[in-house]
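Chains A, B and C supply the protein sequences, listed in that same order.
The letter at position 75 of the first sequence is residue 75 when you use our numbering, and the numbering goes up by one with no holes.
Count along the second sequence starting at 1, add 408, and that's the number in our numbering.
Count along the third sequence starting at 1, add 815, and that's the number in our numbering.
Don't read these hints as lab results, they were simulated from the structure.
Note that the coordinates shown come from a computational prediction; the quantities given were computed from them, not determined experimentally.
Incorrect hints may appear among the rest.
What the hints assert, rightly or not - Covered stretches of chain B, going by a simulated chain A footprint (3 or more residues, C-beta under 8 Å):
| no. | stretch |
| --- | --- |
| 1 | 569-580 |
| 2 | 665-671 |
| 3 | 678-685 |
| 4 | 725-737 |
| 5 | 741-755 |
| 6 | 790-796 |
Claimed, not checked - Simulated crosslink set (DSSO-like; lysine-lysine; CA at most 27 Å straight-line):
| no. | chain 1 | residue 1 | chain 2 | residue 2 |
| --- | --- | --- | --- | --- |
| 7 | A | K222 | B | K759 |
| 8 | A | K2 | A | K28 |
| 9 | B | K535 | A | K222 |
| 10 | A | K204 | B | K802 |
| 11 | B | K535 | B | K711 |
| 12 | C | K1112 | A | K204 |
| 13 | A | K215 | B | K535 |
For glycine and all other residues, C-beta sits at the position ideal for the given N, C-alpha and C.
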Amino acid sequence: MKRWDLIVIGTGLAGLTAARTAVEMGAKVLVIGRGMGSLTLFGNTIDVLGEIPPGADMATGVADWIAVHPDHPYARMGWSGISEALNAFRELFPSPYTFDSVGRGNSLVPTGAGTMRPTYLLPITMTAGAGMSAADTLIIGLRGFKDFQGDTVSLDLQCRGVNLSLPRYGLEGLTALALARLMDEGPFRESLGEAIRRQMAGEKRIGLPAVLGLKAPADVLKTLETITGAKVFEIPMLPPSIPGTRIFHRFREFLIAKGATFLLGNPVIGADVKEGRCEGITLQNPPLLTVYRAERYILATGRFLGGGIQADRERISEPLFHLPVLQPESRGEWFRERFFQPEAHPIHRAGIVTDAELRPVDAGGRVILKNVRAAGSILAHHQMIEEHSHEGIDIATGYLAVRRALAS
Amino acid sequence: MTQADQIPPPPRHLPDLCVRCATCMAVCPVSRVTPLFPGPKQAGPGAQRFRLASQDSVDDWIELCSACRLCDTVCPAGVPISELNLLAKAKYLDERGGTLRDWLLVRIDLFGELFSRFSAIVNPLMKKRAVRWLLDKMLKIDRRRNLPAFDSPTFRQWFRDRPVVTNAAGRPRIAYFYGCFTNTNEVDVGKAAVACLEAYGYSVSVPPQRCCGIPRLGVGDLRGARKMGRRNLSLLLPTVREGTDIVFSSTSCGLMFRHEYGPLLDLPGAEELATHLFDICWFLLNRHEEGQSAVRFRTLTAKAAYFAPCHLRSLNSGLPALDLLRFVPGLDIRMIEAECCGLGGLYGFKKEKYAIAEEIGKDLAKEVARMKPEVILTDCEGCRMQIRHLTGIKVLHPLQLLRDVLP
Amino acid sequence: MDLQTEVLIIGGGATGAGISRDLALRGIPSLLVEKDDFTSGASGRNQGLLHSGARYAVTDPEAARECITENRILRRIAPHCIEDTGGLFVSLPEDGHEYRANFIRACGVAGIDTEPLSAREALSMEPKLSPLMIGAVQVPDGAIDPFTLVVENARDAESRGARFLLHTEVTGLIREGLRISGARVKDRITGEEFTIAASQVINATGAWANEILSLAGLSIGIALSKGSMLITNTRLSERVINRCRPPASGDIIVPNDTVSILGTTSLRAEDLENHAVTPEEVSFLVDELSRMIPAIKGERFTRAYAGVRPLVQTAQAGDDREISRGFALIDHQSRDGLEGLITITGGKLITYRLMAEKTADFICARMGLHVPCLTHLQPLPGAGRGHTFQDRLLRLRHQIPAFRRELLCDCELVPREAVDAILREGKVRELQDILHRTRLAKGTCQGGFCVYRLLGVLNERRKEEGLGGSNRILKGFLEERWKGIRPVLWGTSLKEEELIESIYKGLFNLTPEEAATADGGHP
C-alpha cells in the first residue's frame, strides 16, 4: 500500500489550506473528509479578527491583540505568519474572482439578517457591500426563495427593498444551488438585471442574496452591473453557502489537478499510534476498513459540527487520537444562562492545546504525537464565532502546521 | 419468503444524526434543476421522522431521487441519506405496485443476451421511430433517449472463444467482473480490460456472474436485488476463496458489490467479497505505486477530459483512472468540473424523468464545451451514454484509451 | 376603552377557555383576559397525556374515576385533539407482580378497562421496551394536543358571543366596598390600559392564582410544583408508556406527533416565570426512563421544558366547596367575605371540562339561573377535522405533491400557506403566537432555519406598517429557544447548536448589545 508524505484529515478551510500548502511544497498528499466541511455552510468572506475596529490597520491591530491574548492560535505565527498564509490563499483566486480587503483593515458588510458584520477579505462579488449606505442601496429579494428574506434585510438596514418574481423561471421553491445555476446562464441573469433596473429609483448599489453563480460569479456580477449601472453585491444568507462552495470547489480542483488524492464521505475512525507517533489511520468505508499511512498527519477535523471534538453528558473528548481536550469542569459550566451574553459560552474556548509548532501537548506541555499537528477550529483558546476569526484561524494554522510538518 | 426479504425499517437513530445543516443541498443534482424534488435534507432525514413502518408512505417525491449518492459523500454528520431514500422509495413503490416498464428494465440482463444474438435485427429496429414511439407510449421509455446498440458476440462468448493465452502459466491470477453492459453493449471495454490486465502481467479469468442487481435497487425492488446478490455471491465467492482477487470495470456494479450487498442488503459473505474486489483502475494504479510490473505507456498527444462518475465518488477510493491516465506521456488530461451526468442509470430513460436528467446533464455539457477535449474518459457506462448523447464527442472507458497506448 | 361584561375570566389556559365555552353554551356573556397567549401556563407545559386514570387507580380511586369519565367525554367531544394511542403500564422486576395485580384490580373498581399483556406480547407491540420487563397492562391512555383543545374551546365560545383579549394582563382588581366589580388591565403589546367591569370575576390563573388574589389582599394555600420534561427528536413508541408502580417522578413517556415527551420531575418551584430545567433533572429523567426504554440513554433530545402545577393544599383550602382532591373552587365571598370573585385552581388538563362545569354551575347558582351544562354533549367545532399525527400523515400525503412550494420548516414540513392563513385571520399578535399555532420551531433544529424565514414573511407586513428592528424579535426568539435547548446540549444536539450559533452570532453577527425585549414581533 502506498505511503503518503502527508495525510490531512478534514476538508474545512483548515484542511484544504494544509493540503494545498503541502502540494505546493511538492508533497504527496491524501485529503480525507467525512463530509464537505464547513465552507459549504458558512464560507463567504475571510474573517480574520472581527474585534479589530473597521478601518483600523489590521497589522498593528492584530499584533496588539495577540499581545493580550498570548494563548490564542494567532500567537503561534503573529501577524507576519497570518498575512503570509492569507497571501497564499489569495494567490489561489486569480482574477476575476479575487479576494481583497477594502483598505488596510476590516470592513463592515451586510448580512441576511440585516446586520453589518466585520470581515477582512471579500470576494469581488461582495466588495460593494462594504461601502453601502442606507440611502444609496436597493435590496433585492427573490419571491419564494426562503433562505434570504429581502424584507428583513432592507427593514433592518433601513434601505429600500423589493421582492422580485421571475415567473418564467418558476422561482418558487428553488434552492440556492438551483438559483446559482440559473445565474450562471446568460439569459436568466440578463432578465433578472432588467427586472432590477425597472425597480431602481436612483440607487447606486444593489444587494442580492449570495447566489450569483457557482461557476462564473464574476461574469454574473459584470452582467448585472452593466445592465443596472449600479454596483452589485452579494449578501451572505442561511446555509448552504454558494460563495463557500465556490471556495471548496476551487481548492478541490486545484488539489486534484496537482495530483493530491481526495477522499470524501467516510469517517476516519481509528489511529495506529506507536511510541509517540501515528503510524496509520483507519477509514471506515462500509463494509471495509482501510488503513492509510503517511509520514505526517494534520488533524483539521473541526469542532462539534465537524466531529473533531464530541461531547457526551459528562465531558468533551477528541475521538480519533484521544487527545486531551481543554474544557470547563462540568457540563453545567459549558454554556451561560443566556444565549446572548457579552462573554462567549465557556465551551467555545475548549479544544486541543498545542506547542508552538501546533503539535498537541499534554497537561505538562509535552508533545503527545511527534508527527501529528492540529489545525483550524479544533484548537483551544479561541472563540471564532464571537471573534469572527474562523477563516483566519483555519488559513493561518493550516498553513503553519504544514510548513512546520514538512520542515521536520 | 424469509424475513430477510422484507423491506428493512431503517435504523431509527439515523435521522437523529442529521443536524439540518443543508450541506447536501449544495450538491443534490436533482434539486439543483427542479423544485419538484425538495432535496436530500427534506426527502431523507427530514421526512424520515414522519415515516412509520405501520403507515402508508407520505411522500411520493421520493421517486425523483436518482440515487446518485452524492449527498452521502458530503454529509458531515454521516447520515446515509441515499439509503434512507432508497428504503422509502422501496416502500412507496411496494405500496403503489410495480410497473411493466420497471419489470422489463431490470431484466435487461436477460433480454440483453437474446438481443445480442439477434443484434442485426434488434439494433436497426430500436432506431425505428415507430418502435420508439411505441416504447414511449406503452412503456414510458423516452423516445428522445438513444437506446444502446447490442454487440455480437457477447463479451462472454468472445472471451470463451479467444485463442488460449500461451504464457499464462505462473502469472498472478486475477478475475474480472465485466457486468451486463460490457457483456452485451460495450464488449470493447471488456476486451480493453483483459488486454490491460494481461499487459500488467496477469492471467485473467472470467468467473460465472449475473447482473449485480443495481437496476432492481433503482426501482425499489429490494427482494429482487437481494436475489441477484445472493446468486452473485455464490458465483463469485469460490474465486475469492481460492485466493484470486476480482476487479470490475463498471463503477455501479462495483458500488453495488462493495456497499449495498453488505450494509444495505445484509447478505452473508458480502464483506468477504468486498475485501477482495477492486476497481480495475485502482488495482492497476497500485501496481504503479508499488513499482512492480508497471507498464510504460506509449506517448499519445491528445487533449482529453476525465469525468468522475457519482458512484465512483461513492466508492471513495480517489480518482484512480485519472491518476492512471496521468502516466500516459503527452496526454493532456483534465478533470471535468461537473457534478453528475444526470442519467442515473435507468432513471434518465424514463419518460417522466427524461427532462430532469437532461437538465442535470446540461451543466456537464457546458463544461465540456468550454474545455473542448478530443476525447472524454469516464468509468461508468451510464455516464458514457449520457455524455455521448449530450456532446457528440467520443467517450471511452479509460481502459480503452490505455489499451491503445500499451507498449 | 373601557369594557363591560357579565363574567370576567382571568387566564387563558384550559380551565379559562373551558369556562368561557361552558358559559357561552348556557347563554351567559363572558370576557376572557390572558397575559400571554392561550396555554402559556401549565396547560401548554405538560406531557400532553390523555389520562385513562389508571395512574391514580391504586392511590386515589376518586381521581381515577374522574379521569376515565372525562377521558371518555373528551374522546367524544374532541376527537380531533386526541391521538388514540392506547397506553401500557410496564412492570420492571423491581416493581413486582403484586403491585401489578393490585393495579389491575383497582382499575377494575374505577371502571378502567385493562388488558394484561405478557412481556413478550408487550415487546412485540413496543419493541423498544426493556426486555427485562416482567409484564405490562394495556389501558385507554392517549395523547392530547392541549393547544388545539384550548383554541377550539375558545373558537366555539367566541362564535357564541364570548370575547377574548390575549396579551392582556390584569394589573388590579376594582373593589367597591366588599365587592369586586371588575379589573384594571393592560395590553402588553400596545401598553394601553383600561378597565373591564363585570358582575363576576373568575380567577382561573392556575399557578398564578395567588398573584391575582394578592391584588385583593388575599391568598390561598397552593403549593407550586415544577415538572420538567424532555422532548426526543423522533417518536420512541406508538403508545403511552407508564411505569406500573405508585405514581412517582420519571415514569411516563408520551408520544406526541413526530416526537416523544419524557416526564416528569416534581420539585418545589420558587419562581413562576423562570424555571430552568437543571442538568440534574435531565440526568434523572434520562436515567430513570431508560429503565423502561433502554435506548433513551443514547437518544437525541431537542428540548427540555418545565411547567408549574398548582397543587391545592387540602388542609388550607378547607372550604366546603372543595370538589375533589384534584382541584378547588373557592368562593371568596364565603371564605373571605369578598363578593364577586371566585378562584378555580389545581386539577389536571384532563379534568378541565369538569372544572369548567363546576365553575359555571356555581356562577349560574349565584345568578339564580337554572341552565344545564352542555359541554359533555356538544362536540367542539372542527371535531370532524383531523389534527392528529395520523391525520397529518394523510394530509401530507395528499398535499405535498400538489403544493411543493415554499416550505418554511424543513423539519416539520410547515408550508408558508399555513402561516399566511393564520395571519389572514388577524388574531395573532406576536411571533410566539404563530409558533404556538403551527409546528414551526418544533422539529429537529428548533426553529434555527424556519424562524428566520417566518420573520421574513412577517416583515413583508411590518414593512408596510413602517415598523423596524426585526433583529430584536429574532434575538428574542433565540433567547427563548435557548431556555429549552440549553439543558440538552450534548451529542448531536450540541452539534446542532454550533450550527445555529455559527449562523446567528457568526454569519449574521447578532450581538447582545441591544437587549432583546419589548416588541415581541408584531405582525
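Here is what the structure says about each hint:
Check result for the stretch 569-580 of chain B against chain A: violated, 0 residues qualifying (beta carbon to beta carbon below 8 Å, three or more required). Interface restraint, the stretch 665-671 of chain B with chain A: holds (4 residues with C-beta to C-beta distance below 8 Å; minimum three). With a cut-off of 8 Å between beta carbons, the stretch 678-685 of chain B has 4 residues touching chain A; three or more are needed, and the interface restraint holds. For the stretch 725-737 of chain B, the stated coverage by chain A holds: 6 residues have a C-beta nearer than 8 Å to a C-beta of that chain, and at least 3 were required.
Counting residues of the stretch 741-755 of chain B whose C-beta lies closer than 8 Å to any C-beta of chain A gives 3; at least three are required, and the coverage claim holds. By the rule of at least three residues with a Cβ nearer than 8 Å to a Cβ of chain A, the coverage given for the stretch 790-796 of chain B is violated, with 0 such residues. Taking the CA atoms of K222(A) and K759(B), the gap is near 38 Å; set against the 27 Å cutoff, the hint is violated. Distance hint between K2(A) and K28(A) is fulfilled; the C-alpha atoms sit about 10 Å from each other, no more than 27 Å.
Straight-line distance between C-alpha atoms of K535(B) and K222(A) comes to about 46 Å, which puts the hinted pair past the 27 Å bound. As the CA atoms of K204(A) and K802(B) are separated by approximately 49 Å, the hinted pair breaks the 27 Å bound. Distance hint between K535(B) and K711(B) is unfulfilled; the C-alpha atoms sit about 32 Å from each other, more than 27 Å. This hinted pair does not check out: K1112(C) and K204(A) have alpha carbons roughly 58 Å apart, beyond 27 Å.
Straight-line distance between C-alpha atoms of K215(A) and K535(B) comes to about 37 Å, which puts the hinted pair past the 27 Å bound.
When held up to the earlier numbered hints, the structure conflicts with 1, 6, 7, 9, 10, 11, 12 and 13 and fits the remainder.
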